[in-house]
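4 protein chains.
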Amino acid sequence: MPTQENLIPLSGWRRKLYIIIYEADTRAGRIFDMALIIAILLSVACVMLESVSSIRQQYGTLLTVLDWTFTILFTIEYTLRLVCVHKPLRYVKSFFGVIDLLSILPLYLGLFIPESRFLADIRILRLLRMFRILKLSRHLGEAAQLRRALLASRRKITVFLVTVILLVIVLGTLMYVIEGPEHGFTSIPISIYWAIVTLTTVGFGDITPKTPLGQALASLVMITGYGIIAVPTGIVSAEIARSVPDPVSSDNRSATRLCPHCFSEGHDWDAQYCKHCGGQLPRPAKGEVS
Amino acid sequence: MPTQENLIPLSGWRRKLYIIIYEADTRAGRIFDMALIIAILLSVACVMLESVSSIRQQYGTLLTVLDWTFTILFTIEYTLRLVCVHKPLRYVKSFFGVIDLLSILPLYLGLFIPESRFLADIRILRLLRMFRILKLSRHLGEAAQLRRALLASRRKITVFLVTVILLVIVLGTLMYVIEGPEHGFTSIPISIYWAIVTLTTVGFGDITPKTPLGQALASLVMITGYGIIAVPTGIVSAEIARSVPDPVSSDNRSATRLCPHCFSEGHDWDAQYCKHCGGQLPRPAKGEVS
Amino acid sequence: MPTQENLIPLSGWRRKLYIIIYEADTRAGRIFDMALIIAILLSVACVMLESVSSIRQQYGTLLTVLDWTFTILFTIEYTLRLVCVHKPLRYVKSFFGVIDLLSILPLYLGLFIPESRFLADIRILRLLRMFRILKLSRHLGEAAQLRRALLASRRKITVFLVTVILLVIVLGTLMYVIEGPEHGFTSIPISIYWAIVTLTTVGFGDITPKTPLGQALASLVMITGYGIIAVPTGIVSAEIARSVPDPVSSDNRSATRLCPHCFSEGHDWDAQYCKHCGGQLPRPAKGEVS
Amino acid sequence: MPTQENLIPLSGWRRKLYIIIYEADTRAGRIFDMALIIAILLSVACVMLESVSSIRQQYGTLLTVLDWTFTILFTIEYTLRLVCVHKPLRYVKSFFGVIDLLSILPLYLGLFIPESRFLADIRILRLLRMFRILKLSRHLGEAAQLRRALLASRRKITVFLVTVILLVIVLGTLMYVIEGPEHGFTSIPISIYWAIVTLTTVGFGDITPKTPLGQALASLVMITGYGIIAVPTGIVSAEIARSVPDPVSSDNRSATRLCPHCFSEGHDWDAQYCKHCGGQLPRPAKGEVS
Chain G
1 MPTQENLIPL SGWRRKLYII IYEADTRAGR IFDMALIIAI LLSVACVMLE
51 SVSSIRQQYG TLLTVLDWTF TILFTIEYTL RLVCVHKPLR YVKSFFGVID
101 LLSILPLYLG LFIPESRFLA DIRILRLLRM FRILKLSRHL GEAAQLRRAL
151 LASRRKITVF LVTVILLVIV LGTLMYVIEG PEHGFTSIPI SIYWAIVTLT
201 TVGFGDITPK TPLGQALASL VMITGYGIIA VPTGIVSAEI ARSVPDPVSS
251 DNRSATRLCP HCFSEGHDWD AQYCKHCGGQ LPRPAKGEVS
Chain X
1 MPTQENLIPL SGWRRKLYII IYEADTRAGR IFDMALIIAI LLSVACVMLE
51 SVSSIRQQYG TLLTVLDWTF TILFTIEYTL RLVCVHKPLR YVKSFFGVID
101 LLSILPLYLG LFIPESRFLA DIRILRLLRM FRILKLSRHL GEAAQLRRAL
151 LASRRKITVF LVTVILLVIV LGTLMYVIEG PEHGFTSIPI SIYWAIVTLT
201 TVGFGDITPK TPLGQALASL VMITGYGIIA VPTGIVSAEI ARSVPDPVSS
251 DNRSATRLCP HCFSEGHDWD AQYCKHCGGQ LPRPAKGEVS
Chain Y
1 MPTQENLIPL SGWRRKLYII IYEADTRAGR IFDMALIIAI LLSVACVMLE
51 SVSSIRQQYG TLLTVLDWTF TILFTIEYTL RLVCVHKPLR YVKSFFGVID
101 LLSILPLYLG LFIPESRFLA DIRILRLLRM FRILKLSRHL GEAAQLRRAL
151 LASRRKITVF LVTVILLVIV LGTLMYVIEG PEHGFTSIPI SIYWAIVTLT
201 TVGFGDITPK TPLGQALASL VMITGYGIIA VPTGIVSAEI ARSVPDPVSS
251 DNRSATRLCP HCFSEGHDWD AQYCKHCGGQ LPRPAKGEVS
Chain R
1 MPTQENLIPL SGWRRKLYII IYEADTRAGR IFDMALIIAI LLSVACVMLE
51 SVSSIRQQYG TLLTVLDWTF TILFTIEYTL RLVCVHKPLR YVKSFFGVID
101 LLSILPLYLG LFIPESRFLA DIRILRLLRM FRILKLSRHL GEAAQLRRAL
151 LASRRKITVF LVTVILLVIV LGTLMYVIEG PEHGFTSIPI SIYWAIVTLT
201 TVGFGDITPK TPLGQALASL VMITGYGIIA VPTGIVSAEI ARSVPDPVSS
251 DNRSATRLCP HCFSEGHDWD AQYCKHCGGQ LPRPAKGEVS
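The listed protein sequences correspond, in order, to chains G, X, Y and R. Take the first sequence: its position 62, counted from the start at 1, is 62 in the UniProt record's numbering, and no numbers get skipped. Take the second sequence: its position 285, counted from the start at 1, is 285 in the UniProt record's numbering, and no numbers get skipped. Take the third sequence: its position 22, counted from the start at 1, is 22 in the UniProt record's numbering, and no numbers get skipped. Take the fourth sequence: its position 67, counted from the start at 1, is 67 in the UniProt record's numbering, and no numbers get skipped.
A hint or two may mislead.
Below, computed lysine-lysine pairings styled on PhoX-like, alpha-carbon distance capped at 25 Å [as the list claims (entries may be wrong)]: (1) Lys210/X / Lys210/G; (2) Lys210/R / Lys210/Y; (3) Lys210/R / Lys210/G; (4) Lys16/Y / Lys93/Y; (5) Lys210/Y / Lys210/X.
Don't read these hints as lab results, they were simulated from the structure.
Isolated chain G, as found in the complex (with noise of 0.2 Å):
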């Protein structure tokens, strides 16, 4: 959808500043796409080394003012990034957006509900810009190429899904009434959960039956589940052998551009215009690029 005011090209500070955040092109953003990486990295390191308890408890100030600095960090930077585009409910609501905004909410969230702020690790999917920013345009395009052939194989996966969550029900059902509370089986729902767990090769062993027909029942299970998980890699392999690798991604220097009206990815390298929105791109001058 271009509109009028897509085709005016952002200038100034607010120009510079989106090519800093969200391009890598130049020296100025691959600085920033490095140091917000690390951050991350060490955000994450930070919660995860606080829900140990011993470690919490000789460290734990120290981790409380870190977790707090790099929130106030990305909180500036999801601020930032707000501000350098034209629609910024756009960015919100694109999928780095939310995940963005989920990475900066638990701390606050946190001091409401205390347990909620270890979510702040989720912040660990920011990483998947990775591969757009280390210029890995090759991996780019072959996880393309799996998202392709998974993609087209949803259909399959969908039938195959839904007949093993009727499986499972039934399963379920039949080992709670062998069985019964007395073995385990406490109720249909933890039944279920029985069944899949050992119908996909799990088999935690928290739960066990104890009877000869629910022993014999189980075998059955356990033979169709791995008989089964045949039907998905079936699937999955001929759709990846039948598949070809992307030919847009071969060439890597379109692996940075991003379009900062419908934050779509995968322009070619020279295109001036969104091939999605038909937004102008923003590109370095050719001195600015490294």
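Mind docking chains X, Y and R on chain G? Use the hints.
Just chains X, Y and R now, kept in the frame of chain G:
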């Protein structure tokens, strides 16, 4: 087997009822189907909640009333399904006829054997009709493709399963002799159950080998199981790669057609007679279709 | 190696006996084979039931009598099989000759080592003849196809297994040094057993890492195991996709033919001489075939 | 990088030693290699037995003596390997050079840190030379094919592994917040360990979810893990199906040739100079080859 009777079309209220209950082309038919799906989901949720002892103690009476309400509704529906077809017995013996009957029996049976009322959950299988009702014809087509791939490899899978069964009997016997009752391998059937748990890589851990020789044999079983899981996967992968999507299924309009005489599916949208039994296919009048 | 002797056809009662015992073309042969399958299944069921202590206490004497009856019957059958072929030693050394012998030995051996009598269950492997006896020639053909695919990939699988074995030895040693006897890793062999349990994704849970370093290494092992399961599957999938069904097996009539000299299978229905050893193949007279 | 020195052939006793130790074409070379394989297997067996406490108590002194004997022998062998090549440092830094060193270090290190002496078991990796020594050139060829297939899919596998790692961090954090320390999820790292155990379908059962919400999320994790195992399998299957066997490897005579300068393998049987570094390949005289 086309008979004279099959050629007489259903008429009057029975024809209208048939189109509402069995087909999904008219507005009334779609409303009926949607109501049915919701009723099934609600009733299954009821049975599940009832199995949780804490909920049963608090809402036991309410849930029992709901259970009976749903069962009586499904009984009425079952009777109507019998009434509006030429040959009720064929419906009773068809796949969905059996499931529909199994959906209402448990509660009546529960009057004599209390535990069996939970089997009412099996009615979740009625949702298998969902794909047809929701006109998910492409899903149906790919489901048919999967089914064909599995059918084409059924002999290889039979050979594989027979081999696996003979293998677990031999392995179970060996483990029983090696480990013996004092290490949990209390009988050959239990040892066979252990062999299945291990070979399928489920590994509950309720029974584990304790002697060095037993652990060595178990290691062998595990590596074998790890290796032979490749066989069914390879079989199914090769078949799916070979198969092509079902061309018939690409026509969305044919998804909901069902023969009232032999209950077969997959008729073309403009077919007038069943391609399997020659009986006439009922068709809503132009005005009825929406 | 065709010898003069091979060319002399079996004659008289030995020929008749041979056709009854080894072939399944005549009515008597089919009855014999069916009786044999039933006897094997019953005797295996007997041994299994005997291993259940509660049943053994109640029906011990009956089951012992049945065990001995079946073993004596199988001993007579084994003697007859020896008698009606030219070169009994070749039968003794053939695959099924070994299994037939292993089926009767355990009970006699049980007179000295009581526990070993349960090994009689190994006679279930005699059912591998079933496919041939029941003229399931298409199953035989696809079994042959599977076997060829596995044979064609045997070198890749050997390389894979050697890699896995070296890997589990190294991983087991590392875990023993990291976790040590106080966390259940009592010796290197036990740690290797743990590494196999983990790498194959069985995961009994009888031994689990307790130290952070051990859990980190275990995580690595699990992700490796999850990843390398793809290798055998990929190998076998590729081979099966490449292979074609066995053309010979399409002829149903050839399924039951067996050379009395070298005990090879897979002869054409109209063959007069064994294609492997040149010996004459016995053929029931036209009148005998039903 | 061919240098003048490389072109000077080894001579005298160093040349003879080189042919015995590094090549397997002469009788002396084969005897040396066989003795080495046996010594490695025996010494690994020694270390394993020593780790079993009951055996250590009884035969501790004997095993310690054997350990030191083998380690001194391997130290001498390592010195000889250094002596008879032009550039010892290149050998030290080559793959097998590192493993050879790791094979003798643990026992010397064990004088200071007792537990570390068990790491001597890592010398089992020296058997990786086996395929070359035993002239299993077809195995080498198919191993090379597998390696190429894995290399060709390394980017897809990287993308997959990064996704899995991000996923387990997010899932582990969620489970920590949902279940908490009172149900065994004592910290985020432990919860991530649990997520790996579950996603890879290992399922030890040492930590299991107890709350309904936790079990629901666990079910989701298990079905996801069950589904995404299809991805690496599909990737590898497709690559193996695409790849062709290594043509070079079909020549059996080339299997044992090794460059004394850069320690690369895969030279043709009649090559006179290394195709990688240009150094001269030593060749036993006609009379020496058997």
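Any of the earlier hints contradicted here, and which numbers?
Violated hints: none; all satisfied.
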